[in-house]
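Chemist: Sequence:
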Amino acid sequence: MSQTQFLKADSFAGKTVMVTGAGSGIGRATALEFAAYGAKVICFDLHNETVQETLALIEKEGGLGIALAGDISNQESIDALLKTANGRVDVLANVAGIMDGFLPVAELDDATWERVLSVNLTGPMRTTRAVLPLMLEAKNGAIVNVASEAALRGSSAGTAYTSSKHAVIGLTRSTAFFYGPNGIRTNAICPGGVKTSIDGTPRSKFGYDRCATTFGLATRFAEPTEISSLICWLASDAAINVNGAMIASDGGWSIA
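According to this note's numbering, the sequence shown is numbered sequentially starting from 76.
Take the hints with a grain of salt, since some may be wrong.
Claimed, not checked - Mimicking DMTMM-like on lysine to aspartate or glutamate, the simulated pairs with C-alpha atoms at most 25 Å apart in a straight line are:
(1) Lys214 with Asp312
(2) Lys83 with Asp284
(3) Lys158 with Glu182
(4) Lys83 with Asp312
(5) Lys270 with Asp312
(6) Lys135 with Glu301
(7) Lys135 with Glu189
(8) Lys270 with Glu136
(9) Lys280 with Asp185
(10) Lys270 with Asp284
(11) Lys270 with Asp146
(12) Lys158 with Glu212
(13) Lys158 with Asp146
(14) Lys135 with Glu124
(15) Lys83 with Glu134
(16) Lys270 with Glu128
(17) Lys214 with Asp85
(18) Lys158 with Glu134
(19) Lys280 with Asp184
(20) Lys83 with Glu136
(21) Lys158 with Glu128
(22) Lys135 with Asp154
(23) Lys214 with Asp154
(24) Lys280 with Glu136
(25) Lys280 with Glu212
(26) Lys135 with Glu298
Everything labelled a hint here was simulated from the structure, so no lab data went into it.
None of these values were measured; they are calculated from a predicted model.
Build out the structure end to end from the sequences listed, making use of the hints.
Modeler: In structure tokens:
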């Protein structure tokens, strides 16, 4: 389990951290890293088998965790997730997300639009809404949303994904503004290409070919641990003065 040099080994000891999308990729790396720093990690994912695998990895290293499978776009799943917290959430990492097959708006069907927005935007809104009363009572908390390079430009993905990730920035800024005075910090990370299992299969030749004209600007694919380390830092006291920030972790893609 990687740990950044900025954090102490017990940086999250005694804290409860909720991670969505914890069954694989960035979400799994994030859950493992928080556990390595001493947190009790609530792992949430759509797929029960993979989220249980994440929990097993945490426990193998002597960490503490809970695993729950559910659909982040479903309010009943969010209600069940909140119950596992037992009245305490110190950190929320909204990592779960899905792609859209590079569909441009002229080819975009309602089902894809609604599913992508429900997972990528409505889900993080509902998890945030769920944990805020606990954080407000504690007068402390950190929320880290995983947006995307697609939140910074229009040429990284299809219309639904791009729209959802732009909206995650709005959700982040609004939450940071409203609740920053209550000791709750909310920030977002905008990764570029990351080595994960997210389904990026093109469903539109035109959409993919058009976006591919910018792919050469990306210098490399990141490892999931390179994103999880930034999530942990933003959630830690080391970033106590960081609120409402949008941090690109894309190897310089967004400045090209």
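Chemist: Against the structure, test the hints numbered earlier, and report the numbers of the ones violated in rising order.
Modeler: 2, 3, 5, 7, 22, 24, 25
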